[in-house]
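Residue numbers (our numbering), protein chains in the order written: chain Z, 9 to 135; chain D, 34 to 318.
Treat each hint with caution, since some may be false.
Said to hold, decoys possible - In silico DSBU-like links for lysine-lysine, alpha-carbon gap of 30 Å or less:
| # | chain 1 | residue 1 | chain 2 | residue 2 |
| --- | --- | --- | --- | --- |
| 1 | D | K241 | Z | K47 |
| 2 | D | K182 | D | K131 |
| 3 | Z | K107 | D | K131 |
| 4 | D | K40 | Z | K94 |
| 5 | D | K105 | Z | K94 |
| 6 | D | K241 | Z | K107 |
| 7 | D | K93 | Z | K91 |
| 8 | D | K258 | Z | K91 |
| 9 | Z | K109 | D | K241 |
| 10 | Z | K52 | D | K241 |
| 11 | D | K258 | Z | K121 |
| 12 | Z | K52 | D | K261 |
| 13 | D | K93 | Z | K132 |
| 14 | D | K131 | Z | K51 |
| 15 | D | K232 | Z | K52 |
| 16 | Z | K91 | D | K232 |
| 17 | D | K113 | Z | K121 |
| 18 | Z | K132 | D | K232 |
What the hints assert, rightly or not - Interface residues of chain Z toward chain D, partial, derived using beta-carbon atoms under 7 Å:
| # | residue |
| --- | --- |
| 19 | G80 |
| 20 | D84 |
| 21 | Q85 |
| 22 | K94 |
| 23 | N102 |
| 24 | C127 |
| 25 | V129 |
If you are wondering where the hints come from, they were derived from the structure by calculation, not from laboratory data.
Heads up, the beta-carbon is just placed ideally off N, CA and C, and yes, glycines get one too.
What follows is each chain in one-letter form.
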Amino acid sequence: MPMYDSGKIITGLVIFVIIITFPIWYNVGGAEHLPNPEKPVGKKQCVRDTQYMRTTHMQLLSEWRDEVVRDGNRQDQIVDGIKYEKSLQNGCMNCHTSKKKFCDECHIYAAVKPYCWDCHVQPKEMN
Amino acid sequence: MDVKRRKFLKIAGISAIAGISAPTAFSSLLKGEAGASSEGGNAKAAEKSAGHGEKKRTGKQLGLVVNTRIFKEVDGLAEKCTKACHTVHNVPDFGNPKDEIKWLWKEPYEHAFPEHSNHMRSEGLNTLPILVLCNHCENPPCVRACPTKATFKNASNGIVMMDYHRCIGCRFCMAACPYGARSFNWRNPRELDANGNYKFFPNGIDAKFPTRTRGVVEKCNFCAKRLKEGKQPACVEASDSIRGRGLIFGNVNDPHSEISRVLSENFTIQRKPSAGTLPSVFYII
Chain Z
9 MPMYDSGKII TGLVIFVIII TFPIWYNVGG AEHLPNPEKP VGKKQCVRDT QYMRTTHMQL
69 LSEWRDEVVR DGNRQDQIVD GIKYEKSLQN GCMNCHTSKK KFCDECHIYA AVKPYCWDCH
129 VQPKEMN
Chain D
34 MDVKRRKFLK IAGISAIAGI SAPTAFSSLL KGEAGASSEG GNAKAAEKSA GHGEKKRTGK
94 QLGLVVNTRI FKEVDGLAEK CTKACHTVHN VPDFGNPKDE IKWLWKEPYE HAFPEHSNHM
154 RSEGLNTLPI LVLCNHCENP PCVRACPTKA TFKNASNGIV MMDYHRCIGC RFCMAACPYG
214 ARSFNWRNPR ELDANGNYKF FPNGIDAKFP TRTRGVVEKC NFCAKRLKEG KQPACVEASD
274 SIRGRGLIFG NVNDPHSEIS RVLSENFTIQ RKPSAGTLPS VFYII
């Protein structure tokens, strides 16, 4: 079967494919840097293991909030003899002293915008 | 079988009525409603309704006694307490009464105690500085009004708490509170000025306590966080003067606590007792 206007069609197809794949080749080589949250110096561990904290820290914070505010259970967390206050502002941020270098690293990468810091006070940035 | 249709229908009808009414009859009997609804009632029902007399007090209920005599004698003590409270809790100063946020503040006598007679009242009462705050009622109307349970009564110590995460800013609690103890954040308290400083926190923010955000209601929390640290509330600490403590804090249900002693030795009044909220803040006038 003869193909009419094959020149136009093929050119059109080529242009279409180029446009549709634009995001792929535009970003080639320029991959976004992977998040690298800064770990506290001199600290070996957190209140839970790293994998748990990576995936579930938001639930843990929620549970702590409910225990502290609603049940009035402000008992400190003791992990391997180290005391941690059940608090974002007065617990977590004692070790993770920089919101910018710790929280924001992943949150910006994953495009999540938790509203913790609308009320809670972040530690003063050193720079 | 020679059962007549008429007889069959009678038996079927009676069993149907019995089957439907049996569970309700049983459950009401089990709950003891039958006794209560019967004429005269019984002792148990009378106790339950608690129409007269004090209920038996159980559990912990934190409360505060405000000794207005000491506040009258020591100049500026009330302001000192307010300042201590508002500093540790990051209460913003918006600088105008329309947006004002207050946890602990001074009211004139006739505003604090509108139900008390003004007839032939002592002149001295007009200048009496009366500190008012959330009454941490035993029967808090704000808690009933809150549609999200953002405000609730903490069963372990009787504090009426706020969970700012849950507050949707509907202000029902403000309408429900007979004491005006709740303030709404009409503006963002963390607003910055041209130099990047906080506009409404001239002395900066206490990094140990959060601020609030626009659109939530806030009020006194009896320093729930400080209590855990074994400290007294900030206002109580600040009320120490050469004349003694203007504020006495403690568990009013504990007969051996200092506050119970003060309450038993002094004549105290409460704000708007007729509202039936059973406030936990008491005043020595």
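The hints, checked one at a time:
1. Annotation: proposed proximity of K241 of chain D to K47 of chain Z holds, straight-line Cα distance about 22 Å (limit 30 Å).
2. For a cut-off of 30 Å, the pair hint linking K182 of chain D to K131 of chain D stands: about 26 Å separates their Cα positions.
3. Straight-line distance between C-alpha atoms of K107 of chain Z and K131 of chain D comes to about 35 Å, which puts the hinted pair past the 30 Å bound.
4. Our distance criterion of 30 Å between C-alpha atoms is broken by K40 of chain D and K94 of chain Z, whose separation comes to about 74 Å.
5. A C-alpha spacing of about 41 Å is found between K105 of chain D and K94 of chain Z, which places the hinted pair above 30 Å, so the restraint is violated.
6. Between the alpha carbons of K241 of chain D and K107 of chain Z the distance comes to roughly 16 Å, so the proposed pair stays at or under 30 Å and holds.
7. The hinted pair formed by K93 of chain D and K91 of chain Z meets the criterion: a straight-line CA distance of about 28 Å does not exceed 30 Å.
8. For the given pair, K258 of chain D sits about 17 Å from K91 of chain Z by alpha-carbon distance, which is consistent with the 30 Å threshold.
9. Taking the CA atoms of K109 of chain Z and K241 of chain D, the gap is near 21 Å; set against the 30 Å cutoff, the hint holds.
10. For the suggested pair K52 of chain Z and K241 of chain D, the alpha carbons sit about 25 Å apart, so the restraint of at most 30 Å is met.
11. Using a Cα cut-off of 30 Å, the hinted pair K258 of chain D and K121 of chain Z holds, with the two alpha carbons roughly 27 Å apart.
12. Simply put, K52 of chain Z and K261 of chain D have alpha-carbon atoms about 28 Å apart, close enough for the 30 Å limit, and the pair holds.
13. The suggested pairing of K93 of chain D with K132 of chain Z is violated, with an alpha-carbon distance near 39 Å, which exceeds 30 Å.
14. Annotation: proposed proximity of K131 of chain D to K51 of chain Z is violated, straight-line Cα distance about 48 Å (limit 30 Å).
15. Distance restraint check for K232 of chain D and K52 of chain Z: the Cα-Cα separation of roughly 40 Å exceeds the 30 Å cut-off, and the hinted pair is therefore not satisfied.
16. Distance restraint check for K91 of chain Z and K232 of chain D: the Cα-Cα separation of roughly 36 Å exceeds the 30 Å cut-off, and the hinted pair is therefore not satisfied.
17. Of the supplied pair hints, the one linking K113 of chain D and K121 of chain Z is violated, its CA atoms being roughly 39 Å apart against a limit of 30 Å.
18. For the hint linking K132 of chain Z to K232 of chain D, the alpha-carbon distance of about 18 Å falls within 30 Å, and the restraint holds.
19. Given the 7 Å rule on beta carbons, the hint for G80 of chain Z holds: about 5 Å separates it from the nearest Cβ of chain D.
20. Proximity of D84 of chain Z to chain D is violated relative to the hint, the smallest CB-CB distance being about 10 Å (cut-off 7 Å).
21. The criterion of a C-beta within 7 Å of any C-beta in chain D is not met by Q85 of chain Z, whose closest approach is roughly 14 Å, and the hint is violated.
22. A cut of 7 Å between beta carbons decides the hint on K94 of chain Z: the least distance to chain D is about 10 Å, and the hint is violated.
23. For N102 of chain Z, the suggested interface contact is broken, since its CB lies about 11 Å from the closest CB of chain D, more than 7 Å.
24. The closest approach between the C-beta of C127 of chain Z and any C-beta of chain D is roughly 4 Å, which is under the 7 Å cut-off, so the hint is satisfied.
25. With 7 Å as the threshold, the beta carbon of V129 of chain Z comes within range of chain D, its nearest partner Cβ sitting at about 5 Å, so the hint holds.
Consistency with the previously given hints fails for numbers 3, 4, 5, 13, 14, 15, 16, 17, 20, 21, 22 and 23, ordered from lowest to highest.
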